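Asks: One-letter residues, chain by chain:
Number of protein chains: 2
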Amino acid sequence: MTKGIRNWQAVQQEVLRRINAREWPPGALIPNEADLATEFGCARATVNRALRAVAEAGLLDRKRRAGTRVALQPVARATLSIAVIRQEVEDKGARYDHRLLERKLARPPATVSRALKTGAAALLHVRALHFADDVPYALEDRWINPAGAAGALDQPFDTTSANEWLLEHAPYTGGDIALSAHSTTAAEAQELGCAEGAALFALTRNTWNGDTAVTRVRLLFAHGYAMQADL
Amino acid sequence: MTKGIRNWQAVQQEVLRRINAREWPPGALIPNEADLATEFGCARATVNRALRAVAEAGLLDRKRRAGTRVALQPVARATLSIAVIRQEVEDKGARYDHRLLERKLARPPATVSRALKTGAAALLHVRALHFADDVPYALEDRWINPAGAAGALDQPFDTTSANEWLLEHAPYTGGDIALSAHSTTAAEAQELGCAEGAALFALTRNTWNGDTAVTRVRLLFAHGYAMQADL
DNA sequence: ATGCGTATTATGTCTGCACATATTATTCTG
DNA sequence: CAGAATAATATGTGCAGACATAATACGCAT
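Protein sequences appear in the order of chains A and B. First residue of the first sequence? That's 0 in numbering that gives the first Met the number 0, and the numbers climb one at a time after it. First residue of the second sequence? That's 0 in numbering that gives the first Met the number 0, and the numbers climb one at a time after it.
Fair warning: there could be bad hints in the mix.
No copy labels: a pair is met if it fits in one copy or bridges any two.
[What the hints assert, rightly or not] Keeping only pairs whose Cα atoms sit at most 20 Å apart, straight-line, the calculated EDC-like set for lysine to aspartate or glutamate is:
#1 K91 with E167
#2 K91 with D133
#3 K103 with D140
If you are wondering where the hints come from, they were derived from the structure by calculation, not from laboratory data. Treat the numbers as computed from the prediction; the structure is a model and nothing was measured.
Could you put together the complete structure from these sequences and hints?
Replies: What follows is the structure, encoded as structure tokens:
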């Protein structure tokens, strides 16, 4: 009988240890909450809290009545935090700056209107360049749905970047992100100051507020950029 | 006085609604748990559960004594699930296959030994190609630390890929991931069957079991690959 | 005014209990 | 024997109360 495991973090740690040490091998059914509670000498709610946390981390599969078993394939969930670009730059100790390249109301290409489900409606197209210590850091190509971001049409986006303004003024409920590699075009090469054909890291994000699209943005990062995440 | 909000999910939804509707604007201090509990007509523990969930999602900042406030910059946390390659391929409805290209004990380049902190020790170097419907899907370049993955030296990795074997037999406690864009070299182009210089999506991952390195792997995905995540 | 100790307060967590709910096992019935 | 009704069981959640802990506010002494 293990003792002194009375808070949920300690329980979690012990559970993780047993999984790691293969005391509870992958696929195995582990004791139920009540039994673990008596073993650890704590309340069932405490065990529940711990097991829930481990399950959220993907190392346990829980089902009512069926019990809790160790995940066969612990899906490595990396939580990459996509911050505001200004912050990302400043966190690296560099001076942030940005320049508006273009801002106009226009009919988006089919890719965009299809992704945002905005039909033939005109959207606000904003292009901007972000700098870190005066070196191009990322090229932003954004389409804003005026119907999903009230007040956007009145914003110049010259001093405050669209990136930051939207975060502050346009709430969203969900979205999706795609990460990919992109081969630099001639125009992009000139704006970002890199060689044509260079491999660049691209991030495309759509955000929604309920059923209405808010914005779609593609960020093209300067050469050498790597996105970090922890397991 | 709102009523009928008695379970934590309903509380969470109401909290999200208020944040979204700017009833609680960014940066604002929201009522404390006890007050919300009386307002909603539920126990404080229920409110706590809900607020904790919202805080974990990054929309609230909580501090003892200081209270709970709406996050100024809701850090968009995208949880990308990095599954086993076989599964990723099969989930797309394609037939998975893989081929071992190389397997030998060798001294790793400085980049690797530095990242894994293995000094001058020899590591197991495994290179393999993953296919989806017989088309190259990803090129795997892996260094395995025998000290961190017991039994790895006895594995041929021809029928079972190192990817899968390690997941099953080498537990890990943490790691880090870097995502980047890579310009294809001539050798890689030949193996992946794409043009030299093409922009490819690369994933480099180090995993650890406590303080000892387990493995470092770089996956180079075929042209056109995009990694998806949700917000 | 300045610095330090103390009181206050909001969140964090544990407990013991109860009931809800999903899922599996079992039994009953035609 | 098939299929439906029913029981059993593990997790999910709610509640009230208690104490722990961190961070702030306040007041006191210097």
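Asks: All hints, please: hold or fail.
Replies: Now the hints, each set against the structure:
For the identical chains of this complex, K91 and E167 are neighbours neither inside a copy (23 Å) nor across copies (37 Å), given an alpha-carbon limit of 20 Å. For a Cα distance limit of 20 Å, the shortest separation of K91 from D133 inside one copy, 14 Å, qualifies, whereas the shortest one across copies, 43 Å, does not. In this assembly of identical chains, the alpha carbons of K103 and D140 lie at most 20 Å apart only when taken from the same copy (12 Å versus 46 Å across copies).
Hint violations for this structure: number 1 only, all remaining hints satisfied.
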